[in-house]
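Sequences are here, hints too, so could you generate the full structure?
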Amino acid sequence: MNEALLVDVLGAAASALEDAAPELNRLDGFAGDGDLGVTMTEVARIVKEVLATGVAGVPELLGAIGTGIARGAPSTSGTLVATAFLRASQACGEGGEPTALLARCFEAALEGVRARGKAEPGDRTLVDGLASVSTSLEASTADGLEWREALAKAAEAARSTAQATAAMEPKKGRASWVPQRALGHPDAGCSMLAIVLSAAAARAAG
Amino acid sequence: MNEALLVDVLGAAASALEDAAPELNRLDGFAGDGDLGVTMTEVARIVKEVLATGVAGVPELLGAIGTGIARGAPSTSGTLVATAFLRASQACGEGGEPTALLARCFEAALEGVRARGKAEPGDRTLVDGLASVSTSLEASTADGLEWREALAKAAEAARSTAQATAAMEPKKGRASWVPQRALGHPDAGCSMLAIVLSAAAARAAG
Amino acid sequence: MRKIINQPKAFVDEMLEGVLLAHPGSLRSPARRVVVRADAPRHGKVGIVTGGGSGHLPLFMGYVGTGLADGVAVGDVFASPSADQVLEASRAVDGGAGVVYLYGNYSGDVMNFDLAAELAIAEGMQVATVVGTDDVASAPEAQAERRRGVAGIAMLYKVAGAGAEEGRSLAEVVTVTERASSGLRSMGVALSPCTLPAAGEPTFSLPDGQMEIGMGIHGEPGVSRGPLRPAAAIAVELVDHIVDGLSCGRGDDVAVLVNGLGATPVEELYVLYRSVHGALVSRGIDVRRAWVGEFATSLEMAGASVSVMRLDDEILGLLDAPARSPLLARW
Amino acid sequence: MRKIINQPKAFVDEMLEGVLLAHPGSLRSPARRVVVRADAPRHGKVGIVTGGGSGHLPLFMGYVGTGLADGVAVGDVFASPSADQVLEASRAVDGGAGVVYLYGNYSGDVMNFDLAAELAIAEGMQVATVVGTDDVASAPEAQAERRRGVAGIAMLYKVAGAGAEEGRSLAEVVTVTERASSGLRSMGVALSPCTLPAAGEPTFSLPDGQMEIGMGIHGEPGVSRGPLRPAAAIAVELVDHIVDGLSCGRGDDVAVLVNGLGATPVEELYVLYRSVHGALVSRGIDVRRAWVGEFATSLEMAGASVSVMRLDDEILGLLDAPARSPLLARW
Ligand SMILES: Nc1ncnc2c1ncn2[C@@H]1O[C@H](COP(=O)(O)OP(=O)(O)O)[C@@H](O)[C@H]1O
Ligand SMILES: Nc1ncnc2c1ncn2[C@@H]1O[C@H](COP(=O)(O)OP(=O)(O)O)[C@@H](O)[C@H]1O
Ligand SMILES: [Mg+2]
Ligand SMILES: [Mg+2]
Ligand SMILES: [Mg+2]
Ligand SMILES: [Mg+2]
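Sequences listed follow chains U, X, H and D, in order.
In terms of the numbering used here, the first sequence opens at residue 1 and continues consecutively.
In terms of the numbering used here, the second sequence opens at residue 207 and continues consecutively.
In terms of the numbering used here, the third sequence opens at residue 413 and continues consecutively.
In terms of the numbering used here, the fourth sequence opens at residue 744 and continues consecutively.
No wet-lab data here; the hints were simulated from the structure.
Among the hints, a few may not be true.
Here are the computed distance ranges between Cβ atoms for each label pair [to be verified]: (1) R922(D) - D451(H): 31 to 37 Å; (2) S925(D) - D451(H): 32 to 38 Å; (3) D782(D) - E49(U): 36 to 42 Å; (4) A443(H) - K324(X): 25 to 31 Å; (5) G328(X) - R637(H): 25 to 31 Å; (6) P767(D) - A422(H): 42 to 48 Å.
Stretch by stretch, here's where chain D covers chain H in the computed footprint (C-beta under 8 Å, at least three residues) [to be verified]: (7) 422 to 433; (8) 461 to 469; (9) 683 to 695.
Below, a sample of chain X positions facing chain H; criterion: calculated Cβ distance under 8 Å [what the hints assert, rightly or not]: (10) A210; (11) V213; (12) T282; (13) R320.
For clarity, every value in this text was computed on a predicted model and none was experimentally measured.
Using N, Cα and C, we set each Cβ at its ideal position, and we do this for glycine too.
Here it is, written out as structure tokens:
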């Protein structure tokens, strides 16, 4: 996976994020405060800004995106996405075979988000989505799949996990008072992950 | 004019006031704050309350109404109406021929309202209405008219003065910034006077 | 209607009960709808009595406290208190040095305070009156004495209250307060109407996206109505009107108060203040003190007003004196 | 939209400019969207840093002052500030005695303050954290540590700030603030939504005549929605929920804070307070201190919240200590 390709794929993901803003606001509104789309529009803007300035080197690029989001979109999801980029940046430093590299990046992102947000799998958060993506990429590495194929499978995993969160009853926090409000709707953060991975996979596939 | 008759006539005037509340709010709203009807509903309630308790003696009755309004409806128009009743109460103490008595009461009311509110004739206030009523009653006294007839003429004077205020440009205060807002609509306080006098005259007539 | 109330008729009395329950050490009620400082009367101190309609908190009751007013007569929503109430307040705060009636110029209030003054003087009290007339939109400069009192009166309480607390005489308190008042101008902009509890309907209609410059605090028509403009443009228009009559320019010192009418967030008031400050400074005027917040409201009306007071050293000293009231003190 | 603003994007920065122009002697800005006391750092005094989204004034910036917090990181409307901003605030207020991070429990804020703490500690500062978790509607009692922070945090600033001002150590300030926090509960009712300047549309829909009990200050769904009820009934429901988890009853001392969310007149807050007081007293609880006004708002949302804090002599003494901030001080 070279830098130009990464720029291309991330740009496509950012555009998809912008398009999905109203839907993300709507999903966040069922149990949250309805602003995930607002934050992700800002995140997408920052990603595109960094891509346009052209930072040299994959780890440097991911790091610059992470830092930019941490400074410029410091909300819950913004901070978590920033953490994910920063950890991915560190994890991919050594380089390596693309599918394994992807798997390493997402594993690092998952661990970073878990540490920062203190949510566990099953809490109906972004952690559920990242965990399934990480698992899928690990399996693809073991199976020796090409990275584009692995990415497509990971996107598939993200989509089905987002779907699955719709049936997860919020057991913690405010939403647990009125579980019926969230029930039936996928978690907003997991949907966001599914949207960006799907866009990335589609662009990678050409 | 005996006490029972006064009770009857004042009761009719109070009822007319209650009915006119929305219209008075509306008229007050063109250049004022649109609450004259609210105040007059309270005034009417207090008048009826005092009438129902049955105070002995005409001056005492008028005095009790004046005091009741001063305590219970202490807004601009409430305070002026209270002043009018209190001055009328003082003026009618000596008794006398009904038409002359009425004239004396309204002259005293006019002077009281002028002193309290510091408005001059031509300022487009209650003073304009009271001044024309007072003038009409004086003329009727000089002409030796019976009090019912005099009251009917006074009501007629109040109505035509209210009409005339519609053409008076507000020259003072806030309304003078936007004279066109008030222009074409009669002054609310003068309309109020016309309404109560008309109701009183109609009841007195039979 | 979006109101946290019980019976609309009971609104003012229940509000008063709440105030007295919340601040038992600071306030007491010597008569119905009359509230005074718990330590009133203060012997030898000039007493300051205010009052007016309800629905404007912290005006008027919020200014009863140390270094401010001593007593208040509380009217119905947007309606004057009675002369009786003002008289009761006067009796409760008179410490023998006389009483100043300090309130806003509304005809009902003027009549009732005037009547109360006659009665109080007949009882042997010394009474003097200073009426706030800061709202430049309510009458042209040539009729300045006819203008209504609005949020600027908050600064007059401060001046009069500090003077009285220092032990100045009745005449001295009146003189400095009148001087402060003559150098004080305000003007506001309304963005939405408000609803009286007893009425249940908005006091007037002002469509979303419209503003009315110079509207009165009871919804009396203002100077102009039009599409809502940016904060910076509103600030320039208000400052122009205010400074016009104040004959205030390069090198003059002023205090500024930006007031919210009820529903406008404090953040917006600071955005407005930013441009008000700029408009004054660009005329060479020196802003020595500034307050931003809710000082005189109209229930839940959206909008703001700007008040500017010309300063001299004596007035600035009084503005800086300590003052504290239970309704204003968030700590 | 009924807002006194310029470009929505510039809202927070223009608001901050206004704050700094209005209070130059009291506040300064050592870095973008960071505001600290003008006299910070105070040598040997524990520093208190807070922060959170904009749109809640006087929360958070309003609590920067004497006897309160020392610095604030200012986020976008309803959005967390960044770890960078918190770090800058920490550097500006650290007087060598350590810094307490005191803020409301929102995941974005927690993550950014935690990250800032790691960075500050790496720079050699001592940092401790106390998070306000008073909103009982935001999670059941068994998950009390997951609850959001709302208006009750105003009392925590008072406790922590007074302790720090007295010269207590970092550990001492944290201990007493945590004890105060553990005895603090709040719950609110919303009567209308609010509109973010950048969005231009209400954050949620709440029809006229409806209320939502327990709604979050960003419009997060609450415990129940239904027809608007009288103030007395709202008070009983809020007090029931609050006192439930507080295990507080006959003979216990509390402080009460009734907070307006933005568009609710102070008069209504006092009507509500009247019934809150009654509900507490009828349980034999002794209300020792009460504050009524706007302490934590949600732009122009209509509604109110009630906060109750269990008192002991030490906490009461800290609540009574002098405190002053330019945004809270109307005088
Ligand atoms: N502690 C957490 N760990 C991981 N993901 C979280 C956590 N809290 C929230 N999220 C995710 O963030 C999404 C909401 O993000 P956002 O709208 O930015 O939050 P908020 O508005 O509450 O600050 C949720 O749908 C969820 O997927
Ligand atoms: N100074 C005055 N002298 C006589 N009448 C007055 C005066 N001011 C107002 N009025 C009368 O009172 C009417 C308005 O009364 P009201 O609505 O009670 O006043 P507000 O709401 O301004 O207190 C006016 O239409 C006018 O006729
Ligand atoms: Mg959200
Ligand atoms: Mg949010
Ligand atoms: Mg009126
Ligand atoms: Mg009125």
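Now for the hints, and whether the structure bears them out:
At roughly 34 Å, the beta carbons of R922(D) and D451(H) sit within the given window of 31 to 37 Å. Roughly 37 Å separates the CB atoms of S925(D) and D451(H), a value that falls within the hinted 32 to 38 Å. Separation of D782(D) from E49(U) is about 38 Å and conforms to the stated range, judged on CB atoms against 36 to 42 Å. A beta carbon spacing of about 28 Å between A443(H) and K324(X) agrees with the range 25 to 31 Å that was offered as a hint.
Separated by about 28 Å at the C-beta atoms, G328(X) and R637(H) satisfy the suggested range of 25 to 31 Å. Checking the proposed 42 to 48 Å range against P767(D) and A422(H) shows it holds: the Cβ atoms sit about 46 Å from each other. As drawn, the stretch 422 to 433 of chain H meets chain D at 9 residues by the rule of a beta-carbon pair under 8 Å; at three or more, the given contact holds. Residues of the stretch 461 to 469 of chain H lying with their CB closer than 8 Å to a CB of chain D number 3, which satisfies the three-residue condition for coverage.
Given as covered by chain D, the stretch 683 to 695 of chain H passes the check, having 5 residues with a CB less than 8 Å from a CB of that chain where 3 are the minimum. Among the interface hints, the one on A210(X) is violated; its C-beta lies about 30 Å from the nearest C-beta in chain H, farther than the 8 Å criterion. A distance limit of 8 Å between C-beta atoms decides the matter here; for V213(X) the minimum to chain H is near 25 Å, and the interface restraint is violated. For the restraint placing T282(X) at the interface with chain H, the shortest Cβ-Cβ distance is roughly 4 Å, inside the 8 Å limit, so the hint holds.
Because the beta carbon of R320(X) sits about 12 Å from the nearest beta carbon in chain H, more than 8 Å, this interface hint is broken.
Of the numbered hints given earlier, the model fails hints 10, 11 and 13; all others are met.
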